[in-house]
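Enquirer: I would like the entire structure built from these sequences, with the hints used as guidance.
Those sequence lines, one after another, are chains Y and B. Heads up: the first sequence is residues 1 to 269, going by this note's numbering. Heads up: the second sequence is residues 1 to 167, going by this note's numbering.
Everything labelled a hint here was simulated from the structure, so no lab data went into it. Please read all numbers here as calculations on a predicted model, not as lab measurements. A portion of the hints provided could be inaccurate.
[Said to hold, decoys possible] Facing chain B, according to a computed beta carbon distance under 7 Å, are these residues of chain Y, among others: (1) Val15; (2) Pro70; (3) Gln71.
C-beta atoms are modelled at their ideal positions from N, C-alpha and C, and glycine is treated no differently.
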Amino acid sequence: MKDIKDKPDDSVDDVRLCAYLDGELPPAEADRLTDRLAADPALARRLEALRGTDETMRRLYAAVDELPLPQRVLDLLQDDAAGAAGAEVKSNVVAFPRRGIRSFLQMPVAIAASVALVAGFLVSGLMSRDAGRVGDPATLYARTIPGDSELHRLLESGLSSEAQTLDGGADARVVLTFQAEDGDWCRQFELAAAAGSTQALACRRGDNWQMETASFTDARDTAGPYQQASSATTPALDAAVEALIGDREPLAAEAESHLISTGWEKPEE
Amino acid sequence: MNKRVDRIPGARRRELMDVLPNIRRFALSLTGNLADADDLLQSTVERLLERGWPEGAAVLPYSLKVCRNLWIDEIRSRTVRRPAQDESALADERLAVGDEQAIGELSLREAQAVLAKLPEEQRAVLELVAVEGCSYKEAAGILEIPIGTVMSRLARARSALLEHMHD
Numbered sequence: 001m002k003d004i005k006d007k008p009d010d011s012v013d014d015v016r017l018c019a020y021l022d023g024e025l026p027p028a029e030a031d032r033l034t035d036r037l038a039a040d041p042a043l044a045r046r047l048e049a050l051r052g053t054d055e056t057m058r059r060l061y062a063a064v065d066e067l068p069l070p071q072r073v074l075d076l077l078q079d080d081a082a083g084a085a086g087a088e089v090k091s092n093v094v095a096f097p098r099r100g101i102r103s104f105l106q107m108p109v110a111i112a113a114s115v116a117l118v119a120g121f122l123v124s125g126l127m128s129r130d131a132g133r134v135g136d137p138a139t140l141y142a143r144t145i146p147g148d149s150e151l152h153r154l155l156e157s158g159l160s161s162e163a164q165t166l167d168g169g170a171d172a173r174v175v176l177t178f179q180a181e182d183g184d185w186c187r188q189f190e191l192a193a194a195a196g197s198t199q200a201l202a203c204r205r206g207d208n209w210q211m212e213t214a215s216f217t218d219a220r221d222t223a224g225p226y227q228q229a230s231s232a233t234t235p236a237l238d239a240a241v242e243a244l245i246g247d248r249e250p251l252a253a254e255a256e257s258h259l260i261s262t263g264w265e266k267p268e269e
Numbered sequence: 001m002n003k004r005v006d007r008i009p010g011a012r013r014r015e016l017m018d019v020l021p022n023i024r025r026f027a028l029s030l031t032g033n034l035a036d037a038d039d040l041l042q043s044t045v046e047r048l049l050e051r052g053w054p055e056g057a058a059v060l061p062y063s064l065k066v067c068r069n070l071w072i073d074e075i076r077s078r079t080v081r082r083p084a085q086d087e088s089a090l091a092d093e094r095l096a097v098g099d100e101q102a103i104g105e106l107s108l109r110e111a112q113a114v115l116a117k118l119p120e121e122q123r124a125v126l127e128l129v130a131v132e133g134c135s136y137k138e139a140a141g142i143l144e145i146p147i148g149t150v151m152s153r154l155a156r157a158r159s160a161l162l163e164h165m166h167d
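Expert: As structure tokens, then:
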């Protein structure tokens with residue numbers, strides 16, 4: 001390791017970071033580590049670097065999957081199946097039902113959703129060598145989005161459907177704005193980069209925006225380029241929006257614009 | 001070698017069909033080269049067809065365990081196909097993917113070379129957790145090692161990959 005900053009802690013912490021990203025830490029410990037990650041950008045970068053190795057592994061083994069399985073192994077099962085069926089189909093090998101490697105992958109589940117799922121985006125952020133702003137892991141590991149971050153500015157002043165390109169190169173736009181049943185303003189937004197897109201939901205608590213939930217869509221899991229994948233929100237995110245919005249409607253463009261210009265005042269109920 | 005065992009019903013054979021890619025990937029993580037991996041895959045399938053697997057047991061973890069045991073107990077010792085000089089076995093040209101797209105600062109080709117440098121037991125843990133999506137407990141069961149060992153090997157594997165990536 002050339003740069004000591006890349007490795008902020010000893011290997012014991014790598015074990016813990018790995019357990020964290022694999023969803024294997026007890027919830028209380030994971031929460032503590034989440035807080036620490038939010039406060040320690042170097043540690044968060046280390047986590048993302050470790051996560052990146054997994055992506056490399058998956059692609060490497062996916063390349064292996066592209067190679068045909070040995071015929072002698074297929075024959076073993078084919079012969080056997082034919083024997084059971086009482087038929088000879090030896091010369092007519094049924095195409096092997098290939099499954100994409102990704103169907104076997106599981107996201108870490110024990111990590112808070114708002115952390116684990118947003119993290120997918122971060123990988124792409126870091127891959128594009130975006131060391132700061134929205135790509136900075138600390139920004140998104142924090143439940144509270146830092147007031148000096150680009151993401152904060154997007155949420156504070158971005159109009160729905162007005163796409164912005166962030167410093168890191170990712171495209172960002174607010175998808176919709178609504179008032180939650182508890183009176184807080186919430187915004188669904190989207191970050192898109194080559195590796196995929198993140199759909200997320202944040203609500204304004206006091207003067208800060210807090211991440212509610214987020215989900216990452218890998219670009220390779222969607223047919224078209226990521227811009228088109230943006231219309232496909234995930235069930236988890238839809239459910240989160242639904243739970244907060246209740247029977248209210250999202251704001252129309254004019255109302256949203258007014259709300260932004262008047263500093264996110266809450267109407268008297 | 002092709003023993004026909006009719007007591008394995010067709011539906012179960014198809015289950016086995018479905019996990020062939022998984023067994024093969026895992027076998028590759030053990031052997032480090034595709035030729036031996038495919039031999040190990042074949043032996044694993046033969047063993048499963050001969051002896052079956054327990055009713056109610058998920059075929060995937062069971063198959064991987066059989067694969068690992070065959071490798072440790074019977075095959076590794078007599079495998080001389082790829083001697084030590086071929087350190088880049090995982091970078092075997094049959095695996096050359098022609099995809100030089102950088103992942104971070106690491107191309108796939110470099111990744112193959114780096115992976116080949118890792119000890120077999122680290123490759124196996126990494127494959128199970130990162131590629132197959134096993135829990136630590138599942139990986140520990142397949143490899144017959146304590147969970148603590150899974151954790152330390154995994155951390156060492158990822159850390160070593162990173163280190164080589166930045167060499």
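Enquirer: Next, verify each hint and record whether it holds.
Expert: Here is what the structure says about each hint:
1. This hint holds: Val15(Y) has a C-beta 4 Å from the nearest C-beta of chain B, less than the 7 Å allowed.
2. For Pro70(Y), the shortest C-beta to C-beta distance to chain B is roughly 5 Å, which falls under 7 Å, so the interface hint holds.
3. A hinted interface residue such as Gln71(Y) counts as satisfied when its beta carbon comes closer than 7 Å to some beta carbon of chain B; here the least separation is about 10 Å, so the hint is violated.
Violated hint for the displayed structure: number 3, the only one.
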